[in-house]
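J.: Required output: the full structure, derived from the provided sequences and hints.
Taken in order, these protein sequences are the chains called C and B.
Heads up: the first sequence runs through residues 6 to 515, numbered per the working numbering.
Heads up: the second sequence runs through residues 769 to 1082, numbered per the working numbering.
It is worth saying that the hints were derived from the structure and are not from the lab.
Virtual Cβ for every residue (Gly too), placed ideally from N, Cα, C.
Worth double-checking, as some hints may not be accurate.
[As the list claims (entries may be wrong)] Stretch by stretch, here's where chain C covers chain B in the computed footprint (C-beta under 8 angstroms, at least three residues):
# : region
1 : 924 to 936
2 : 941 to 951
3 : 955 to 968
[Said to hold, decoys possible] Rough simulated footprint, nothing fancy, chain B against chain C, three-plus residues with beta-carbon under 8 angstroms:
# : region
4 : 79 to 89
5 : 336 to 342
6 : 473 to 482
[To be verified] Ranges between beta-carbon positions, derived for each pair:
# : chain 1 : residue 1 : chain 2 : residue 2 : range
7 : B       : F868      : C       : V329      : 32 to 40 angstroms
8 : C       : R404      : B       : I1052     : 41 to 49 angstroms
9 : C       : R81       : B       : L845      : 18 to 26 angstroms
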Amino acid sequence: MTLRSESPALDLRGISKAFYGVKANDDVDFELRQGEVHALLGENGAGKSTLCSIIAGLYRPDTGTMHVYGEPAHFRSPKDAFAAGIGMVYQHFRLVNNLTVAENMVLGNADLRMRYSDVDIERQTHEIGNRYGLPVDPQARIWQLSVGEQQRVEILKQLQRNARILILDEPTAVLTPQESDQLFRTVRQMADEGRAVILVSHKLHEIKQVSDRVTVLRHGRRVGEPVATADATPRELAAMMVGHDLVLPTRDPNEHLGDVVLSIQDLRVRNDRGLEAVRGVSLDVRRGEIVGIAGVAGNGQRELAYAIAGLRRPVAGTIALDGVDITGTSVTSRIARGIGYVPQNRLGMGLAPGLTTEENLGLKAYRKPPFSRGPFLVPKTFKDVGAQLIDEYDIRGVRPGLPIRLLSGGNLQKALIAREVTQQHSVLVARSPTRGLDVGATGAVRNLLLRERDGGVGVLLISEDLDELLALSDRLLVLFEGRIVGELTSDEADPARLGLLMAGHVEETA
Amino acid sequence: MNDSVLILTIFAAIGLGTPLVFATVGEILTERSGVLNLGVQGMMLVGAVAGFWATFKTGNVFLGVIAAIVAGAAISLIHGFSSVTLRVSQIVSGLALTIFGTGLSEFIGRAGTPALVGSPSRATFSPILEGGIADWPIVGPLIFGHDVLVYLSWLVVAGASYYLFHTKLGLSLRAVGEDPASADAAGVNVTRYRYAHVVLGGALSGLGGAYFSLVLVPSWQDDLIGGAGWIAIALVIVASWRPWRALFAAYLFGAAGRVNFTLQTLEISAPSNLLAMIPFVLAIVAMLVLTSGKRARLLGAPAALGVPYAREQR
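T.: Here it is, written out as structure tokens:
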């Protein structure tokens, strides 16, 4: 048994995996020790998620070997990975929305008896939640839970299956700072119990806070040897990740604050279930300022953005652009009047996945020359403008004639923003524009937003990323349960204060 | 009192509804796995002709039933292969299966000598109880007066409901139909579940078809089952993917099919062609009412219904 306890929890050698001829992982080695929290750091499209999916048995590597606790492993499906004690909490949770928490907990669990009673599995769920200090309501259906609670279910599910190796893929992307701290305490506790944890992230301060060692991936390859977290500065890690020194742009105070360009009065909007998600929001955006909307996902951000973009008709209230009421107008007319919209869901809302990159880049301009003449499209314009934007915004991985959905997340976002900012507009609504982007792409996107602002555009930045909001916003509004519960200037705002407001602790007006 | 129009109508509705019960529960199980199979009509016809043929050859109705189940299951594999493995459009594949099954049943009906077309069945199912409790008022005919396949259909409904909501396999099945990626990540074999339930749906459709050729009609002719396969697909929605509701919905449609006869009994004259349309009109109205607007969300259609699943797709 000494041999077993000394062998690493995971030992991967020479792992390669290609999608459509593009190498997502290229000869990657990775070692995970027992009882450690090992951060996997890399830009978007660096191959972190692919590597994790291989470890979790979801993808099969093209080449390379894997040993789990010293035993060779050849996973054919996630089931095999479970059997070897590996559990993964995906970035996009793998929970069945219409099933209850308890049902999700036992789904696919080999230990479950063929006939089960709801009472039994609910009791078990309750017990394990209490044991790990992660209480959940076993009878609730997943869609009724907040994102933080859903993540709790995912983690408990892995713990219940007694996962000895736990993979967390960008776990804090959707959490408040307080929820993140709670998560890190749980992660630490799990490592202290002897489990091995892989933490995928591109947030350097998190990695510093919770991990023991760091492996950096870039363009699908491993950068250098794994380093002890304590020995590396955030700056060094960032440099390893992007290949050169890089400082994220932040705002300078805006000098030319213009007139109010977007004015929203007492807006009420329903969500998909017919409940009011935006419950009386009033705000103004001036030319030349970035107004940040902070809040945990699901507090009305989506509906607010939809209402401004014209995708959803509000129940009450008005939206005015340059003093003109546009509340009832169509999406097309709003585009023509100068409202730009960068949606959170890039494929589907922003881009047409099956069309080519060039076609997508022309998707808002094609009704007019030079993209079209009368009813006919002008392919040459699409090609020329496309090539120019692809070059200017450094959109990588484009291959002529192939659908845009094959691009990585960061490049999709660059394409989307390239299209939106080349339109003439006076207001830009951006929802989590850098979500899931690497440092390089984040910097590029931030610069674009700041450039827009300095050009006299009013920017409404709706985001769950506090760093981004703090770095870019001239003013910050906090949205909680469909209402604005706080307004802070950039000088007053700090993460702790925002975190409390986001969690619904309304400040006393002294 | 057992001769009253009401009792006779309900009794007949149970008979006419029974093939719909089999086919609807079969399609519910298939759709719960996330596969839409519009080939029910084709599978029922193939089951009907296979069941009739086997009984014709052997004189044994039980062998006929087994042949119908096997034939329905076998032909459904075409849909399983094209929709699960090849991931083609489930709508196209299902429609093709209906066209193919219809043609195949007509071909088999004429292929042999003597041809099956126009022949009466050599054997049929009779009520298993005669006299005694089967003559009790009301419950006699309605509960105890049926043939063995009606009781089998009740067992199928009860079994399917228990299976879906109280067993591990049923939980995995529901997860596969709602969110195959999550089910896969939880260690459920999506491909296996989808194949198994396409085949199960095919087997039950085949059995439903055989109820026409061995009990209700019992003979063979082209398009023996009318539009029963299409009604079954509509009933899945009316029943909101729940087996017990399917049972009662099927009987309601069985009753609608009986209106013609009942009105004649009551000496009310109405054009029979129009009355024959009642089940189909009822199906359309029920679908419109149930699937319009916000109600559709409450129905509980499997979220991944009709969507092929590919694990490594990006």
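J.: State for each hint whether it applies.
T.: Cross-check of the supplied hints:
1. Residues of the region 924 to 936 of chain B with a Cβ under 8 angstroms from some Cβ of chain C number 3, which satisfies the need for three, so the listed coverage holds.
2. With a cut-off of 8 angstroms between beta carbons, the region 941 to 951 of chain B has 7 residues touching chain C; three or more are needed, and the interface restraint holds.
3. Restraint check on the region 955 to 968 of chain B versus chain C: 3 residues with Cβ-Cβ distances below 8 angstroms, three needed, restraint holds.
4. For a cut-off of 8 angstroms, the count of residues in the region 79 to 89 of chain C with a CB near a CB of chain B stands at 4, and the three-residue condition holds.
5. Figure legend: the region 336 to 342 of chain C, annotated as covered by chain B; annotation inconsistent (0 residues with Cβ-Cβ distances under 8 angstroms, at least 3 required).
6. Against chain B, the region 473 to 482 of chain C contributes 0 residues with a C-beta closer than 8 angstroms to a partner C-beta. That does not satisfy the three-residue criterion, and the hint is violated.
7. Against the hinted window of 32 to 40 angstroms, the Cβ-Cβ separation of B/F868 and C/V329 comes to about 60 angstroms, which falls outside the hint.
8. The supplied range of 41 to 49 angstroms is met by C/R404 and B/I1052, whose beta-carbon atoms lie about 47 angstroms from each other.
9. Roughly 23 angstroms separates the CB atoms of C/R81 and B/L845, a value that falls within the hinted 18 to 26 angstroms.
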